[in-house]
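Protein chains in written order, with our numbering: chain L, 1 to 260; chain P, 1 to 420; chain D, 1 to 169.
Don't read these hints as lab results, they were simulated from the structure. All C-beta atoms in this analysis are idealised placements derived from N, C-alpha and C, irrespective of residue type, glycine included. Heads up, a few of these hints could be off.
Between beta-carbon pairs, the in silico distance windows are [what the hints assert, rightly or not]:
#1 Glu360(P) with Lys183(L): 19 to 25 angstroms
#2 Ser40(D) with Gly200(L): 34 to 40 angstroms
#3 Ile253(P) with Lys157(D): 43 to 49 angstroms
#4 Ile253(P) with Asp33(D): 30 to 36 angstroms
#5 Asp184(P) with Asp45(L): 40 to 46 angstroms
#6 Gly47(L) with Leu12(D): 45 to 51 angstroms
#7 Ile253(P) with Thr201(L): 39 to 45 angstroms
#8 Asp31(P) with Asp45(L): 31 to 37 angstroms
#9 Arg255(L) with Pro8(P): 21 to 27 angstroms
#10 Arg190(P) with Ser40(D): 25 to 31 angstroms
Once the Cα atoms are required to be at most 35 angstroms apart in a straight line, the calculated DSBU-like pairs of lysine-lysine come out as [as the list claims (entries may be wrong)]:
#11 Lys42(D) with Lys88(L)
#12 Lys233(L) with Lys42(D)
#13 Lys112(L) with Lys101(D)
#14 Lys123(D) with Lys77(L)
#15 Lys125(L) with Lys42(D)
#16 Lys67(L) with Lys67(D)
#17 Lys88(L) with Lys38(L)
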Amino acid sequence: MKFFFLKLLSLTVLFISLSFNSNSAEKVEYLKTDWSFKGLFGKFDRGALQRGYQVYTEVCSSCHSMKYVSYRNLAEKGGPEFTEEQAKAIAASFEVTDGPNDDGEMFTRPGKLSDKFVMPYENVKAAQAANGGAYPPDMSVLVKARGGGVNYIYSLLQGYEDPPTGIDLDEGVYYNKYMYGNKIKMANQLSDGLVEYADGTKATVEQMSKDVTTFLMWTAEPHLESRHQMGFKAIVYLIILTILVYFSMKRIWSRIETEV
Amino acid sequence: MSDQEYIPKSKFGKWFNDRLPLLSLASHLTDYPTPKNLNYWWTFGGILTFCLITQIVTGLTLAMHYIAHADMAFESVEHIMRDVNYGWLIRYIHANGASMFFLAVYIHIFRSLFYGSYKSPREIIWILGIIIYLLMMAAAFMGYVLPWGQMSFWGATVITNLFSAIPLVGEGIVEWLWGGYSVDNPTLTRFFTLHYLIPFLILGLVVLHIWALHVPGNNNPVGIDIKKPSKDTVPFHPYIVIKDGFALLMFMIVFAFFVFYTPNILGHADNYIEANPLVTPAHIVPEWYLLPFYAILRSVPDKLLGVIAMLSAILILAALPWLDTSKIRSAVFRPLYKQFYWILVADVLILGYVGAMPAEGLYLLIARVATAYYFLHFLVVLPVLGFKEKTLPVPLSITEPVLGGSPNLVMAKSKESMKQ
Amino acid sequence: MSEKKTNRRDFLFTATYAVGAVGVGATVWPMIDQMNPDASVKALASTEVDVSSLTPGKTITVLWRGKPVFIRRRTQEEIAEANSVKMEELKDPEKDEDRVKDPEWLVMLGVCTHLGCVPLNDKGDYNGWFCPCHGSHYDTSGRIRKGPAPTNMEVPKYEFVNESTIKIG
Chain L
1 MKFFFLKLLS
11 LTVLFISLSF
21 NSNSAEKVEY
31 LKTDWSFKGL
41 FGKFDRGALQ
51 RGYQVYTEVC
61 SSCHSMKYVS
71 YRNLAEKGGP
81 EFTEEQAKAI
91 AASFEVTDGP
101 NDDGEMFTRP
111 GKLSDKFVMP
121 YENVKAAQAA
131 NGGAYPPDMS
141 VLVKARGGGV
151 NYIYSLLQGY
161 EDPPTGIDLD
171 EGVYYNKYMY
181 GNKIKMANQL
191 SDGLVEYADG
201 TKATVEQMSK
211 DVTTFLMWTA
221 EPHLESRHQM
231 GFKAIVYLII
241 LTILVYFSMK
251 RIWSRIETEV
Chain P
1 MSDQEYIPKS
11 KFGKWFNDRL
21 PLLSLASHLT
31 DYPTPKNLNY
41 WWTFGGILTF
51 CLITQIVTGL
61 TLAMHYIAHA
71 DMAFESVEHI
81 MRDVNYGWLI
91 RYIHANGASM
101 FFLAVYIHIF
111 RSLFYGSYKS
121 PREIIWILGI
131 IIYLLMMAAA
141 FMGYVLPWGQ
151 MSFWGATVIT
161 NLFSAIPLVG
171 EGIVEWLWGG
181 YSVDNPTLTR
191 FFTLHYLIPF
201 LILGLVVLHI
211 WALHVPGNNN
221 PVGIDIKKPS
231 KDTVPFHPYI
241 VIKDGFALLM
251 FMIVFAFFVF
261 YTPNILGHAD
271 NYIEANPLVT
281 PAHIVPEWYL
291 LPFYAILRSV
301 PDKLLGVIAM
311 LSAILILAAL
321 PWLDTSKIRS
331 AVFRPLYKQF
341 YWILVADVLI
351 LGYVGAMPAE
361 GLYLLIARVA
371 TAYYFLHFLV
381 VLPVLGFKEK
391 TLPVPLSITE
401 PVLGGSPNLV
411 MAKSKESMKQ
Chain D
1 MSEKKTNRRD
11 FLFTATYAVG
21 AVGVGATVWP
31 MIDQMNPDAS
41 VKALASTEVD
51 VSSLTPGKTI
61 TVLWRGKPVF
71 IRRRTQEEIA
81 EANSVKMEEL
91 KDPEKDEDRV
101 KDPEWLVMLG
111 VCTHLGCVPL
121 NDKGDYNGWF
131 CPCHGSHYDT
141 SGRIRKGPAP
151 TNMEVPKYEF
161 VNESTIKIG
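Chain L with its partners taken away, still in its complex shape (with noise of 0.2 angstroms):
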């Protein structure tokens, strides 16, 4: 028996190292930094998030949507936890588009808690008018959307360099040393004290890349706390029960004289 599962578990292994092989195409070393929300306990710092959704609101929303996430989900267990009130507050501070009212008219609103998040542009054309081509894509589930993850994110907001010689870049192109070939049509966005933190802590390029991804980690997996919560739970459970299952077997199998 210990041989059956040794060989079951390094098949499962190789079919896991499979899978990684296809995912990660790329072979650019990401920036790494540590994460609060990895491991089987793994959490969201709520400051951090706090502080990510003000650059997001600051810096990335002028160009990226978020159009799966609620104003309602800020003050959610899990999430950035703003009290209900500040949720409330952020809400109103945009103007919603409502209707058509009994007019058939289409007018605009303080947003409520219920409301998606407000998208910078109308649609995917008008985005990409405004944009030389280029959509800048929802930032919803950006993080799942790439194969490197968190890691990814935070390497490119901080991968801005100057092109190295012999690379031509086109009006409105930028290089990125992370960017799967290198040519981005985002220019860099953040600088060293670009938003003022309410907490105090420090924007350095570093803090602010980190924190945006953490809030970005959060837009894409809100229920990532009660995920690990109730996988420890799971799991420890199924423990037991196979431990207690493994000696009824060993009970009932007692009756006869074969060895299970």
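Assemble chains P and D onto chain L, guided by the hints.
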């Protein structure tokens, strides 16, 4: 079936059972004489039943929230992930459940290959299994299309285009499959319908698969026919039930780890980008469980022949009971076959690996050699081996002494191989 | 089979069954709970309605949580009629003043308490509402007077945000 007539104890039981013999069926299933030497490789039948039920239950609940429309599918999946109570859990179980299902079915198939379970009198069980496997692939493929991400869309485009390889009518068939001139909303809704239907077809076939199994009874690691019920068998309940249950729990621990801690590792990042008919992702790769066949497809430089090779790779399995000419079932007593068996396992793993790699240079060469060997194994090695191989003496029964030679030696040997 | 007799269902088996049952329960719950109203539905719990254009004697119907809500600006006669009814005549006794915040404004769920149809406005024997499905008559306060419906039409939680706006929910 061979078990004695079951007579219910209560009066109502008798009345009911005379009209609908459900109690007889239950009694047959609990008493079903099972070889007592079944090892853990045999527990995957039960595990697969669990996988099917899990997929059906989680699938039904997801279908209550999913919207099969090109404009709304992606959004509705995000709605499930964010707003529906436990939606993220149910979706991750369903998505990873597909992978676990295939992991289990591959182990189940290779167990059958090792112990010769496909041989007479179990050919029908085997062929039903192949049909189930084909339907599983269809269901998995269509299910992967439903979130309407980039991999969904382009996977659907590539796979449906395989049919265009058919001479003359190919193009027409592809448009018929699409319901348009490209993969679009009509394709999505029909894939959803079929994805919903197929699991129930599989369920029906599983009933037949088990029915066909219960006629001759289980094969076993020694591969000999056994008398049932006898000293060599135990009743299914509680002996096999508890053993299957134990193995299932071990399996569930692995499953839970994927669901709760690495739920997206077996998928592709590109599928979190909404489908865009104007841009193809840089690498189109099928899910891991289809990679060996994908490698076979790409190893043939001709479109039609590639498709034929890929299909043959699966269909050849249906002919296996007749391609394998050996009278001995279990590889335990077939020293040469055992070597070739492990070579085949390695070959399929290599095909899977190169299937994930770009089809060029060394990878392509390896894929071609591995493809050739795959067919060689079934078409040449197996038929010849049956005549040429010198097999070891097979015991008369699981518990009784062996014909010729020291019983202890052979038993010890078989035990050793079972544990490998 | 050389079975040793073990009839005793000992502690080990009981514990295994019990722990297993807990797990089954914990697994079944998410499958049930997924059908409950989800987070986005719960978030849409309130609606604001502009009632400035409503003249006395008129009713508007607005949608709240997928159900119609009647907002009626009642005339003085209607209010008087609602107040004149004796409690013992009512199937579901409730004073008119307990059903309104401002007697001029009647806000209630436009759902018949019998089987959920939408009653018709200004119809029926009591100058209020009449449900066409099974013939329930409601008075000017939305109280059941005749027919199979068991209770008065329900008054939702609402408030006057300002003179011309009512917030339901």
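**Request:** Kindly indicate which numbered hints from before are broken by the structure, ordering the numbers from low to high.
**Result:** 4, 8 and 14
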